[in-house]
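Participant: Once you have looked at the hints, place chains L and H on chain V.
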Amino acid sequence: MKSGASSAITVPTEAHSDRTDRLSPWNPFWARETELDLDSGRYVKIWQGPQHPGVTGNMALEVTLEGDVVRDCKTHIGYLHRGFEKLMERRKWIQCFPIVCRICVPEPDTNEYLFAAGVEELSGVEIPVKAAWLRALVLEMIRVASMTMGLGGQAGAYGLGIVGQWAVVHRDYMLDLFEELTGGRVYHMYILPGGVRQDLPEGFSGRMEKVLRMFENLIVDIEKVMFDNAVFKARTKGSGVLPREWVEPFGVTGTTARAAGVPLDVRKDNPYLIYDQLDFEKIVGGESDIYERAFLRKEEILMSIRLIRQILKRMPGEGPVRRKLPNVLHWQVQAGETYVRAESGRGEMGYYMVSDGGEYPRRVHVRGASYTHAMALLEQMARGQSIADIAGLMVSLQTCPPEIER
Amino acid sequence: MEKIIFKTADEVLQYAIEREEEARDFYLEWAEKVMRPEIGDVLKEFAAEEAKHKELLENVRRGNDFAHAGSSVIDLKLGDYHRETDIHHELNYQQALQLAIKREMVAQQLYLFLASISENGKHRELFDGLYKEESKHKERLELMYDDDFMREN
Amino acid sequence: MSLKDVISPFYAWKKTLDKPYTIKNPIAEREGAERYRGFHTNDVEKCIGCGTCEEICQNEAIDMVPVQGADPQRGDSGLRPKIDYGRCCWCALCVDVCPTGSLGMSNEYKWVTPDAEEYGFIPGVDIKPWNGAEKGYKRSDEAWLLRPGLKNMPVVEPEERRQTFDEMALGYNDNLALLEANRCLECGICVEACPTHMDIPQYIKAIRENRLEDGLQILYDTNPFSESCGRICTAHCQDACAMAHNGDAIGIRWLKRYITDNTWQRRDDILHGDNRITEREKSVAIIGGGPSGLSAAYYLRQQGYTVTVYEKHDKAGGMLRYGIPEYRLPKAVLDREIETITRIGVQLKTGVAIGGDISFEQLRRENDAVYIAVGAQKGTAMPIEGMETPGVYIGVDFLDRIAAGERPDIGSRVLVVGGGNTAMDVCRSSVRLGAAEVSVLYRRTEKEMPANAEEIEEAREEGVRFDFLVSPVRISRLETGLRVECRRMKLGEPDASGRRRPVPLEGSEFTLDVDSCIMAIGQKVDSSMAHGTDVHITRWGTFEVDAETLQTNVPGVFAGGDCESGPDDAIKAIADGKKAAWFIAKYLQAEHN
Chain V
285 MKSGASSAIT
295 VPTEAHSDRT
305 DRLSPWNPFW
315 ARETELDLDS
325 GRYVKIWQGP
335 QHPGVTGNMA
345 LEVTLEGDVV
355 RDCKTHIGYL
365 HRGFEKLMER
375 RKWIQCFPIV
385 CRICVPEPDT
395 NEYLFAAGVE
405 ELSGVEIPVK
415 AAWLRALVLE
425 MIRVASMTMG
435 LGGQAGAYGL
445 GIVGQWAVVH
455 RDYMLDLFEE
465 LTGGRVYHMY
475 ILPGGVRQDL
485 PEGFSGRMEK
495 VLRMFENLIV
505 DIEKVMFDNA
515 VFKARTKGSG
525 VLPREWVEPF
535 GVTGTTARAA
545 GVPLDVRKDN
555 PYLIYDQLDF
565 EKIVGGESDI
575 YERAFLRKEE
585 ILMSIRLIRQ
595 ILKRMPGEGP
605 VRRKLPNVLH
615 WQVQAGETYV
625 RAESGRGEMG
635 YYMVSDGGEY
645 PRRVHVRGAS
655 YTHAMALLEQ
665 MARGQSIADI
675 AGLMVSLQTC
685 PPEIER
Chain L
24 MEKIIFKTAD
34 EVLQYAIERE
44 EEARDFYLEW
54 AEKVMRPEIG
64 DVLKEFAAEE
74 AKHKELLENV
84 RRGNDFAHAG
94 SSVIDLKLGD
104 YHRETDIHHE
114 LNYQQALQLA
124 IKREMVAQQL
134 YLFLASISEN
144 GKHRELFDGL
154 YKEESKHKER
164 LELMYDDDFM
174 REN
Chain H
7 MSLKDVISPF
17 YAWKKTLDKP
27 YTIKNPIAER
37 EGAERYRGFH
47 TNDVEKCIGC
57 GTCEEICQNE
67 AIDMVPVQGA
77 DPQRGDSGLR
87 PKIDYGRCCW
97 CALCVDVCPT
107 GSLGMSNEYK
117 WVTPDAEEYG
127 FIPGVDIKPW
137 NGAEKGYKRS
147 DEAWLLRPGL
157 KNMPVVEPEE
167 RRQTFDEMAL
177 GYNDNLALLE
187 ANRCLECGIC
197 VEACPTHMDI
207 PQYIKAIREN
217 RLEDGLQILY
227 DTNPFSESCG
237 RICTAHCQDA
247 CAMAHNGDAI
257 GIRWLKRYIT
267 DNTWQRRDDI
277 LHGDNRITER
287 EKSVAIIGGG
297 PSGLSAAYYL
307 RQQGYTVTVY
317 EKHDKAGGML
327 RYGIPEYRLP
337 KAVLDREIET
347 ITRIGVQLKT
357 GVAIGGDISF
367 EQLRRENDAV
377 YIAVGAQKGT
387 AMPIEGMETP
397 GVYIGVDFLD
407 RIAAGERPDI
417 GSRVLVVGGG
427 NTAMDVCRSS
437 VRLGAAEVSV
447 LYRRTEKEMP
457 ANAEEIEEAR
467 EEGVRFDFLV
477 SPVRISRLET
487 GLRVECRRMK
497 LGEPDASGRR
507 RPVPLEGSEF
517 TLDVDSCIMA
527 IGQKVDSSMA
537 HGTDVHITRW
547 GTFEVDAETL
557 QTNVPGVFAG
567 GDCESGPDDA
577 IKAIADGKKA
587 AWFIAKYLQA
597 EHN
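As they're listed, the protein sequences go chains V, L and H. Residues in the first sequence are numbered from 285 upward in steps of one, following the working numbering. Residues in the second sequence are numbered from 24 upward in steps of one, following the working numbering. Residues in the third sequence are numbered from 7 upward in steps of one, following the working numbering.
Hints are supplied without guarantee of correctness; some may be wrong.
What the hints assert, rightly or not - Short derived list, chain H residues pointing at chain L, Cβ under 8 Å:
(1) GLU391
(2) GLY424
(3) GLY425
(4) GLY426
(5) ALA429
(6) GLU499
(7) PRO510
(8) GLY528
(9) THR544
(10) TRP546
It is worth saying that the hints were derived from the structure and are not from the lab. As the structure is a prediction and not an experimental result, all values here were calculated from the model. Every residue gets a Cβ at the ideal spot worked out from N, C-alpha and C, and that includes glycine.
If we strip away everything but chain V, and leave its shape as in the complex, we get:
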């Protein structure tokens, strides 16, 4: 199908070259106000969000429309700010670990891992080998669950609700496995400084294999229903194109960057835990449109499933899963600062932690992966889109407001 009716109306060329020629912090085109005569009667301003089925989470888009086409878009965040970073400054180091998972709802374990890794680096605690394997297992499990839900959201943004139903159900099966491994379904509180909380329960690998097979079948179904779907293809191919040159200045990471042809993957670039001992490749695309990004995510899910199987096979048998910490009631972590990063489903997630040698963290800054995708970038990419496609664009950029605002 020609990229005509449903794809983006292409942007006027001189504005486009205006942006690409001078991509520099000293020329922040993304901050420039668009000159539109709002009294002319040509434009309509609407608020998409903060409560809207077409936004992922609570975020508001102030959209200026000319007919069906978005001329200007401003993103407004702040509806999900819970003050985590300040909360952590008022809690002892061990008391912070139960709250970091709540920074991101679909992928809490990445937060738990990063906080634990940061504290371990600052304090010099080394985790047992088996704990590193279990952490990687949990991270891959949550990646599968969260990206599946992401695919469901992606399809749902285009009206293909069935995929969302299937995705949420299969995520629930994964959450069942989490429940038996960690004791919690959504917020696991399993990865903590020193290792992980408990070892695998009996028969876990068998049940995991069953669930992985279900996911593989689901992906087959999704391919048939979503990726080989004429309507979906027509709406997403060629739409929401992220130029390759924008990846670095905007700080885009994760699948979004890989779809644009920039091969960034923290698991391979800065291997953490035991990723250097696993066999996998970066999944890179080139088209950089919404279809490509969804396709790459589907491939990632399959790759994570393979990784989970590898991890379960190669994990060491017996062994401690936890290092005893100094008395956590008055644990003083050595002064210092560190930045730890991990590949979450959405991109590079990072924690910058500073300790002043006391019982409380001095500063914890969370780099949410979609922080860079969802505000300035979204505003730029929304221009010229049809109002019907904005939701799909948001999901495609994997906007996750909880981690943007913490």
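Facilitator: The following block gives chains L and H in isolation, referenced to the frame of chain V:
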């Protein structure tokens, strides 16, 4: 010692009662003589005990049984190895107990002896009963001694 | 657009023939996983109300509250955790940190009620369907956030130490002290157990934060003999310590010693550098220069009263000096502690016996208040044949002579009779005097021995033999040495209270030929100095006092320590001294008004 012959059970009990009275009087007399008032209290308590024993024997004389049927007596044999002590003005509590234990032992020996020379079966039973009574008195005092003066042994 | 792209989505219709994924009645059919962190359970018998769960809860969801049926007692605050489910995040940090393992979580996740106030509940006390649930999240050894093991005190090896009276325990170094101080939970249950209520969590915190001078101030607030107690205290605090339930108690005594070891050289500066005593007119006489008397003197002097301590021995210290041997408490340590007390103006008159050189009545006339703290320094006699035989000693007299510097010749075969701490001191001192065979005879069983378990073990390590259920009955003289006739015992029938007492076995006589026999079967008070006065004395020789104020029946005359309660430990005497100082001061101020 003069020869003691008992013609009736009543005479046996009368003899025992007189022993208890003698003991009570002894303690009461010395309760006034000792220097420390708190030891005087101790001796008065001993006197009261002896009065109780007398009551018990009066009861038996009226035809009732001794109250100790079936119960066993613990004999710590503490007093058996103690030296002889005489009562004196500056008696302390430990010595008072030693004394009381020795007196009970003397009474025990007396009834044992009387039982052995008695030809009357009924009298022998009475003497055995009295022996057991005195053993119980000794037990009570020895337990007190064990609690207070054998704390670290 | 290919044909495949149009037809392929209809594949979804095949799902209409599949079974649904959902469970019809999950609330009834689906139980939480075995490890699920559900609603809390608490074993209220095991729970000691230490409040560590309250401390660690990151959202302040837990409150310690008093409950019916749990009364405060030694080692148990009587409080129980109340959890507010409006704040709880079910992170199970409270379960992971619980020192007794009483707090746990069930795997229950359903609780429907129209009254939201119900969600602040007391697990284990409020009756809930999940109380006592087996499944759920329970604390495992690996998950436990606390460290159960004690850092052991370095000591001199038995072979080496049995030859010398030099101090046996070497003291913590900085590293060990910090590691041990880090184990403390700051729960404070120990404070109640200590007779003088030392602020233990605070001084352990001072060690952690390297504020040893503050630590010393905290020690001296309640105990001017902290340096000695840091070596010999019976440590009731350690018995009550929360960590003792599932591990070793914190080494509180050794931590106390660490503070004093590192501050004694500057002690007077730290404590009294700014010299702030405001003098008062009244005077107090203290009879007895032992721990009780000197503690009372210290606190009374700080209030500004004129204090004079009369001690009948040549040196002050009481049983700390004359009852406890050098290898447990070096005299140098005691000397400097006494000096800290005298330096603030306490007058110490040694070699003066009240009742001999000065009468009790005179002391009462010349002072506004009197505190009697003569202790229980007389050895209890064993009234058996042969006690006067040369070679038979009384335990406390024996220790007294050694403390005064003598080294009596007790020969090579020594018998010690008794099972208390005095007997342990005696037998271990005998080893150090060169006795080759030292045996301890105890009339009962090892379980009933009143001595500290540590003392018994250390005595065994030094080669002392123990003979249980044996008692001597007669001692006679041999050409060289003594013949001690003994009887073996067995535990007899239970008495009225259920206690089984030792009863001699028929035909079990045997003899032991030894060089010396030392009797350490108990101690009693010598209250003769108050004979003839109107002070009430009990039949056991102790002074009768009001339990709260320590005042005797005579106004202005107080008594405390061993001479009031009978033989007990040093810390109780010190606590009495501090308490008496408080009540004497109140009495003097009331008199003033």
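Participant: Are the hints correct? Go through all of them and say.
Facilitator: Okay, the hints, checked on the actual structure:
{"no.": "1", "hint": "GLU391", "result": "holds (6 Å)"}
{"no.": "2", "hint": "GLY424", "result": "holds (5 Å)"}
{"no.": "3", "hint": "GLY425", "result": "holds (6 Å)"}
{"no.": "4", "hint": "GLY426", "result": "holds (3 Å)"}
{"no.": "5", "hint": "ALA429", "result": "holds (7 Å)"}
{"no.": "6", "hint": "GLU499", "result": "holds (6 Å)"}
{"no.": "7", "hint": "PRO510", "result": "holds (5 Å)"}
{"no.": "8", "hint": "GLY528", "result": "holds (5 Å)"}
{"no.": "9", "hint": "THR544", "result": "holds (6 Å)"}
{"no.": "10", "hint": "TRP546", "result": "holds (6 Å)"}
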